[in-house]
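Here is what each chain is made of, one letter per residue.
2 protein chains.
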Amino acid sequence: MRASQFFISTLKEAPADAEIVSQKLMLRAGFIRKVAAGVYTWMPMGLRTLRKVETIVREEMDRAGAIELTMPVVQPAGLWQETGRWDKMGEELLRFKDRHERDFVIQPTSEEVITDIARNELKSYRALPKNFYQIQTKFRDERRPRFGVMRGREFVMKDAYSFDRDMEAAGKSYDNMYRAYCRIFDRLGLTYRAVAADTGAIGGDRSHEFQVIADTGEDAIVYCPQSDYAANIELAEALAPEGERPAPGATMQKVHTPRVKTIADLVGFLKMDIRQTVKAVVVEGDEAPVLMLVRGDHELNEVKAEKIAGIKKPLTFASPAAILAAFGANPGSLGPVGFKGRIIADRTVAKMADMVVGANEDDHHYTGVNFGRDCAEPEVADLRNVVEGDPSPCGKGALAIQRGIEVGHVFYLGTKYSVAMNATFLDEDGKPKPLEMGCYGIGVTRIVGAAIEQNHDTRGIIWPDAIAPFGVVICPVGYDRSEAVRATADTLYQGLAERGIDVILDDRGERPGAMFADWELIGVPHRVTIGERGLKEGKVEYQYRRDAEATDLPAEGVLAAVLERLGR
Amino acid sequence: MRASQFFISTLKEAPADAEIVSQKLMLRAGFIRKVAAGVYTWMPMGLRTLRKVETIVREEMDRAGAIELTMPVVQPAGLWQETGRWDKMGEELLRFKDRHERDFVIQPTSEEVITDIARNELKSYRALPKNFYQIQTKFRDERRPRFGVMRGREFVMKDAYSFDRDMEAAGKSYDNMYRAYCRIFDRLGLTYRAVAADTGAIGGDRSHEFQVIADTGEDAIVYCPQSDYAANIELAEALAPEGERPAPGATMQKVHTPRVKTIADLVGFLKMDIRQTVKAVVVEGDEAPVLMLVRGDHELNEVKAEKIAGIKKPLTFASPAAILAAFGANPGSLGPVGFKGRIIADRTVAKMADMVVGANEDDHHYTGVNFGRDCAEPEVADLRNVVEGDPSPCGKGALAIQRGIEVGHVFYLGTKYSVAMNATFLDEDGKPKPLEMGCYGIGVTRIVGAAIEQNHDTRGIIWPDAIAPFGVVICPVGYDRSEAVRATADTLYQGLAERGIDVILDDRGERPGAMFADWELIGVPHRVTIGERGLKEGKVEYQYRRDAEATDLPAEGVLAAVLERLGR
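Just so you know, the sequences run in chain order A and B. For the first sequence, the working numbering assigns the number 10 to the initial residue and increments by one for each residue that follows. For the second sequence, the working numbering assigns the number 10 to the initial residue and increments by one for each residue that follows.
In short, the hints are calculated from the structure, not lab data. A few of these clues could be false.
Pairs count within a copy or across copies, as identical chains cannot be separated in the list.
Stated by the list, open to error - Pairs of lysine to any residue, SDA-like flavour, derived with a Cα cap of 25 Å:
no.	residue 1	residue 2
1	Lys548	His418
2	Lys106	Arg153
3	Lys322	Arg542
4	Lys545	Thr500
5	Lys106	Pro117
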């Protein structure tokens with residue numbers, strides 16, 4: 010491609026409403042243009058990268074034996090009513106009526122349509138296993154779309170759905186997709202981690218998120234550097250501390266703590282170790298408020314809390330009025346002493362002695378509180394988020410935490426959709442059985458943003474070779490005035506193009522500074538600069554986008570030298 | 010691809026609501042499945058053909074210098090209000106409100122979004138010419154979606170938009186697209202015709218439809234077998250008959266014509282040549298009803314009629330009440346004699362003598378009517394559709410008519426959108442000027458249906474090689490029981506696959522009859538059947554889908570023989 014035949018549109022400044030680095034760089038580099046909140050045009054430069062991501066995803070899905078089809082963007086409400094998602098999904102599900110007043114949705118995913126296809130097409134065990142996928146436009150009406158393509162409303166997703174005879178076969182389909190996802194993210198050239206995730210109501214242990222590692226990631230990823238253990242923060246188990254609970258060493262004393270509302274206030278007021286304090290959280294139980302206790306420096310894990318039997322689902326924090334009625338005090342002064350209801354302590358709290366807790370009297374706390382002596386022994390559960398340094402559940406080291414951006418998810422669905430939609434097959438024994446399903450998503454547009462969050466510097470994007478809009482840019486200085494420059498540039502361009510390298514020749518006639526700034530912003534990994542002065546010395550300049558310095562290549566045989574840099 | 014790894018789903022019968030052959034065959038061959046009225050899933054087999062069409066369109070658009078981008082499916086109403094299409098487009102434009110009650114549309118085309126991009130990005134004459142295109146999902150809320158993908162609601166369209174400095178440059182962009190379209194339809198392997206079409210309010214002569222020729226086509230295409238003249242029926246000019254109007258030969262007589270309401274009634278009642286009769290049509294003028302006259306065997310051309318100055322736009326037929334008030338009679342008995350209003354006669358009528366017309370008195374007609382003697386001389390205009398045998402406007406022969414399916418349209422837009430949206434560029438003289446635009450559509454999904462309408466027989470589809478889901482099918486008889494059959498089939502399969510041929514090996518274990526019926530229905534152009542008996546005689550069987558008979562190929566060297574049939 011010659012730049013004069015293409016469309017390059019870079020901006021000095023990102024629009025003021027751009028919030029994160031990938032969004033700013035995609036706008037500045039002319040990858041996207043905003044059409045409405047969370048809705049973008051993929052400009053020619055961005056579309057090249059998007060298509061490369063799509064192609065890798067498609068090739069690996071095909072290699073894994075998945076079969077591509079395309080379901081419609083617009084789907085009739087009837088199917089969504091069969092599974093109940095029409096009612097359960099909130100305003101994120103975009104609904105509309107057609108001219109005949111029939112209800113439709115714009116697909117956020119396609120479980121319903123594919124299950125409808127499966128119940129009509131997969132009627133015998135001989136048709137199984139099957140895995141269908143599509144790479145298709147989705148819409149999710151986010152309340153607050155932001156971060157460019159990271160949390161847009163219209164986006165491209167690869168969604169795959171597997172159909173199997175039984176759980177064992179479904180497990181094989183799951184593992185097959187897991188491996189395909191690893192190949193996809195390996196080929197994309199991204200640093201990522203597959204982390205165990207919560208399966209919610211489905212149960213089982215078959216749910217993994219694929220997270221692109223980036224300091225700016227929304228998600229906390231927990232892993233063990235000494236093993237392959239990795240889980241998202243919702244799921245990662247916090248083990249109980251080693252050893253027995255220490256014997257009480259202090260007597261319980263009530264302390265007046267005026268204006269102390271938070272753990273930080275308390276620690277400051279009493280000048281004590283935060284690890285002696287206990288945080289009280291009151292949630293609704295099926296019948297009465299339940300008191301949950303985590304250590305002052307720990308955070309309640311709401312996913313874990315919600316899973317406990319007798320706790321209202323979804324997890325609901327008790328109202329101030331309900332708290333006052335149950336405890337006789339307001340939040341900030343709550344604790345287990347004297348509370349007659351259900352008390353659940355985190356595993357760490359259960360091993361504490363001489364705790365500092367709220368006194369269930371406004372502006373008062375107790376110090377020296379011990380379970381069994383000053384209040385009832387609590388139920389014990391894993392209630393908190395792990396923290397860096399916690400022992401790993403794998404038993405092989407201490408947990409570390411890093412940030413990630415979720416770009417893929419593999420999920421065992423079981424028979425949730427097939428039972429709801431009566432999608433059965435005739436098994437070998439002649440009996441109808443519900444199809445065992447799995448679903449597998451990859452955020453294709455999101456990957457582009459995540460790749461930039463992971464790979465950029467102050468000058469712009471640094472694309473992995475596999476998904477750069479162009480692999481090589483040739484920057485001739487004086488293309489229009491120097492015969493030697495033009496000849497060398499044209500020859501190199503033709504040589505690379507003939508070998509199938511995605512090369513762009515910048516023949517726009519920009520000054521070198523502006524030209525280099527554009528290509529560093531756009532993030533093309535390999536740049537060859539050809540100038541008259543260099544040619545006189547038999548040299549051209551090669552710059553790898555990640556390197557600090559440029560290097561010289563011989564002008565004679567530059568094609569071979571560049572191919573070598575490309576690993577070709 | 011091995012059939013066992015793919016998804017093949019054929020039906021003996023098409024669903025009862027399928028109306029036309031392409032729809033029936035696409036459903037039976039498992040190319041599409043209906044999700045809602047006019048909304049389909051493209052099944053794996055159909056998607057292969059769709060992608061091949063897309064690829065040819067994309068390659069030729071790229072070759073023509075157009076630059077691909079992707080605009081969103083969901084577009085904000087604001088842009089559509091700027092051009093007035095928000096108000097002008099009827100219920101076909103799918104509108105909805107997002108969760109914040111903001112108005113959006115699902116794109117039927119993207120003139121507004123691309124013009125918005127152009128006004129932000131193409132600010133100088135140096136940025137011109139540019140041609141942007143996308144291949145993207147569209148939605149048109151048809152009142153009565155039918156005919157499968159031929160008149161669906163959700164469909165895939167390639168839409169391109171050119172931007173130029175002036176009309177001359179826009180003409181070059183137009184011609185460039187016209188040539189690209191010819192290459193596209195040539196490569197698709199379809200018989201087609203580019204026909205001149207009406208430009209409506211834009212004016213000028215730059216509008217062509219690309220019509221796939223098929224007996225079942227909705228459109229009438231007019232062409233001259235002796236030249237390259239071709240136009241759609243709306244546009245094709247009906248010349249005036251040669252020579253002068255004959256002198257009156259009869260006196261005017263009133264005839265009682267009870268129960269005569271139509272021309273057919275009249276001809277039957279009076280036992281006369283239909284070419285002596287005149288049909289009267291009353292339309293609304295800007296001020297009063299206007300009488301239009303065409304010969305009894307001719308049809309009023311509404312597009313031509315609407316273009317006449319003083320005629321209400323869009324063309325509106327006068328109401329029965331207005332007709333009664335103006336003529337004193339009801340439709341079926343109307344004519345020019347005694348009518349004081351404006352009369353426009355078709356060129357053919359203007360050359361008639363001794364006409365039979367309605368008497369403006371219910372159940373009465375006049376015979377022997379002559380202009381200038383019995384009624385006023387009318388205005389004369391080209392008001393009718395041409396008919397087979399009419400002299401061609403090119404002067405080189407007689408017109409012929411065939412049926413076509415519109416699959417592409419190139420259209421000069423002028424400054425209609427750029428003026429409405431204030432999309433200007435700074436010209437070389439430093440002055441802002443509105444961008445000259447053209448738009449160029451191809452119905453990608455529609456092409457699949459049109460190709461089938463043109464290419465099928467009683468057994469199924471007959472794909473042109475370029476867009477067949479598979480180019481070659483290998484049908485082994487006894488793949489599971491004969492070592493020789495398996496070895497020959499596998500070797501041929503590998504040989505073809507290695508050469509990049511889209512080959513499918515049918516290893517499903519179906520009986521030969523069922524297997525052949527499937528592939529004839531699906532329409533794969535080349536079939537190689539390998540059986541034990543043939544191999545003993547050193548032969549395999551080759552069948553070209555369009556041929557009546559199979560031929561033998563030598564089992565030794567079968568790969569070379571098949572490649573030769575493929576023209577490779």
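*Hints violated by the structure (numbers, ascending)*: 1, 3
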